[in-house]
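Q: Given next are the chains, with one letter for each unit.
2 protein chains.
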Amino acid sequence: MIQLLPVTGIPEVKPGDALGELIARALAGPLHPGDLLVVAQKVVSKSEGRLARLDSVQPSQFAANVAKRLGGKDARLVEIILRETKRIVRMDGGVLIVETHQGFVCANGGVDLSNVDGGATASLLPVNADRSAADIARAVEAAKGVSLPVIISDTFGRPWREGLVDVAIGVHGLAALRDYREQSDPHGYKLRATLVAEADQLAAAAGLLFRKNAQVPACLIRGFDFQAGEGAAQHLLRDPEHDLFR
Amino acid sequence: MIQLLPVTGIPEVKPGDALGELIARALAGPLHPGDLLVVAQKVVSKSEGRLARLDSVQPSQFAANVAKRLGGKDARLVEIILRETKRIVRMDGGVLIVETHQGFVCANGGVDLSNVDGGATASLLPVNADRSAADIARAVEAAKGVSLPVIISDTFGRPWREGLVDVAIGVHGLAALRDYREQSDPHGYKLRATLVAEADQLAAAAGLLFRKNAQVPACLIRGFDFQAGEGAAQHLLRDPEHDLFR
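Residue numbers (the working numbering), protein chains in the order written: chain A, 1 to 246; chain B, 1 to 246.
Please note that the accuracy of each hint is not assured.
It does not matter which identical chain is used: a pair holds within one copy or between any two.
What the hints assert, rightly or not - Straight-line distance between alpha carbons at most 25 angstroms, and here's what the computed PhoX-like set of lysine-lysine pairs gives:
id	residue 1	residue 2
1	K14	K144
2	K144	K42
3	K42	K86
Since the hints were derived computationally from the structure, they do not count as laboratory data.
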């Protein structure tokens with residue numbers, strides 16, 4: 001059995017707050033061996049000060065053009081998105097899909113106005129969410145004396161399928177991918193091309209608890225035999241040379 | 001708390017087996033209100049006889065050409081894949097990504113040689129996995145007196161991200177998508193574009209128990225407040241006209 005346990009009672013997080021300590025304090029009861037933690041991106045970005053006030057931004061001419069083309073998006077928001085952008089993947093139908101400096105392909109570069117202060121301030125993805133995950137793991141270990149893996153998750157759209165799902169944007173302490181390619185099935189058939197994105201599956205499971213309106217920014221997952229390792233969400237990014245979809 | 005409970009003790013499934021009854025018999029203990037069931041595609045396809053022996057297939061000239069171009073794939077396997085195909089999305093680098101007759105975009109049209117009989121027989125996706133889910137729900141209700149939602153899951157690759165994740169290919173009894181667009185966050189900011197693919201998140205969570213080598217073809221999910229509804233995996237398919245990625 002696997003248990004998904006919501007971590008509640010974390011106060012509203014502000015820039016500079018020691019998020020790992022707040023999470024450690026909120027973890028009720030003793031940790032079990034094999035526990036792992038999934039933390040939603042928004043509180044991580046807040047604690048790291050990855051916020052941008054719309055009224056602090058002067059949109060470039062290009063940002064203004066893009067905003068217009070996207071059917072009247074706020075040009076200041078587009079400017080913030082473009083600053084997070086390494087490459088524009090698609091821009092059409094009111095949607096701006098970009099590759100971020102960290103390599104994630106997502107709508108609006110992960111820039112989001114919800115759950116901050118009512119629309120005046122955007123949250124940005126952490127600069128390096130693998131490092132954010134490591135920082136939280138270190139703080140939890142210092143406070144609780146137990147080392148546990150940490151995943152930072154965010155909610156992304158996908159091609160071909162409707163709706164958002166949570167994926168891992170930061171990973172520390174477990175293998176993001178599990179490789180079954182050397183193994184055989186019970187019928188002796190050698191498995192091919194079977195690389196499972198376990199960090200993404202864990203993020204999606206935790207996402208069941210991360211409702212937009214619920215005050216649950218973290219989830220403890222108990223009973224999953226993850227594969228220990230240093231881990232990195234970077235391992236989940238397809239090598240551009242081998243990605244048919246670019 | 002959400003619990004992911006493996007359903008074990010289901011015997012090797014053969015064509016014609018009443019899968020819903022086998023699952024109902026394997027469900028240990030009483031069902032709780034709000035339970036839902038995720039069933040892995042492979043046993044569904046087996047029970048529905050959605051199997052094709054490689055040596056029963058005569059590859060077309062096109063299948064032979066494609067097999068060669070893909071670096072020596074078995075032409076009979078390619079023929080089987082093409083029969084499941086409405087549209088070829090990409091064919092390159094050894095990979096054949098197609099849209100199936102049901103509308104799913106996936107590698108090899110969901111045709112798979114693993115976990116059948118050692119490589120001589122391919123399993124195909126159910127003809128209509130929404131109907132498969134409804135059939136299982138009906139059989140479980142008849143046996144246990146409790147109506148519960150059913151998701152059929154399969155393991156798909158994605159653009160941009162490495163590794164496979166489980167997604168819903170059949171849904172019955174719950175809303176595949178949950179719509180937050182009418183709601184506001186705790187700061188009064190109206191949420192936009194927030195349609196969550198809950199059936200996919202549930203499939204991914206169950207996927208944590210569906211290891212390739214484990215004998216766990218079904219998972220009971222307890223404690224998730226799904227949104228009841230008729231449901232259909234078809235709702236998870238992006239309208240081609242609004243899909244920037246086609």
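Q: A separate judgement is required for each hint: does it hold in the structure or not?
A: The hints, checked one at a time:
1. For the identical chains of this complex, K14 and K144 are intra-copy neighbours only, at 23 angstroms inside a copy versus 50 angstroms across copies, given an alpha-carbon limit of 25 angstroms.
2. Within a single copy, K144 and K42 get their C-alpha atoms as close as 24 angstroms, which meets the 25 angstroms cut-off; across copies the closest is 42 angstroms, which misses it.
3. Within a single copy, K42 and K86 get their C-alpha atoms as close as 21 angstroms, which meets the 25 angstroms cut-off; across copies the closest is 40 angstroms, which misses it.
Violation of the numbered hints given earlier is absent; every hint is satisfied by the structure.
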